[in-house]
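Asks: Sequence:
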Amino acid sequence: MPALRSNSRTVLLAIILFVALIAAIVMIYDSASPGRSLLGGALLAVIVWTAAQIPVVQLIRETVTNRPRPRFLALRSQTVQLLAEIRRLNGIAEDEKRGFRDQRTAELEMEAIDTRMRELLAGIRDVAGVTSPEDQAEESEAPTSAEAP
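Residue numbering for the sequence shown follows the working numbering, starting at 1 and increasing by one per position.
Derived Cβ-Cβ restraints for the label pairs, each shown as a range:
#, residue 1, residue 2, range
1, Thr131, Ile60, 39 to 47 Å
2, Ala93, Thr131, 27 to 35 Å
3, Arg88, Val127, 17 to 25 Å
4, Ile54, Gly91, 48 to 56 Å
5, Thr131, Glu111, 20 to 28 Å
6, Ile15, Val130, 50 to 58 Å
7, Arg76, Val48, 44 to 52 Å
8, Phe72, Asp114, 19 to 27 Å
9, Ile54, Glu119, 48 to 56 Å
10, Leu38, Ala14, 20 to 28 Å
11, Val48, Val11, 18 to 26 Å
12, Trp49, Ile28, 14 to 22 Å
No lab work stands behind these hints: they were computed from the structure. Don't be surprised by glycine CBs; every beta carbon is placed ideally from N, CA and C.
Please construct the entire structure, taking both the sequences and the accompanying hints into account.
Replies: The following block contains the structure:
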């Protein structure tokens, strides 16, 4: 709860500072009488006091330390790469349909992209901690130490 009080206090101080700044600008702009310039000086004192009360360094530190950290960076990176390969595959297929690419070269490129996508998918499974169906089948077929002669 103290954090809530300090935040509401900071907001209140920021509002006072903003209002005092606007009033001081008006006073300085329209300083026809000496009383207004005296009032402008008093507003300047309020501005300086309010600015000194706002814990700017503490607010910056709290903002930096409390910001949400990105999670699953490796998983996100590989997913983005997989999506880029899918887009590339789609672009090559469209180019082949329209006749912009030779059919044989397009097929070779699409096969290379398919291989790369399978590698990325295996990498995504590793990063996510999920075994592939092929690995599960191999594990179930492998003899255990109790079954070995």
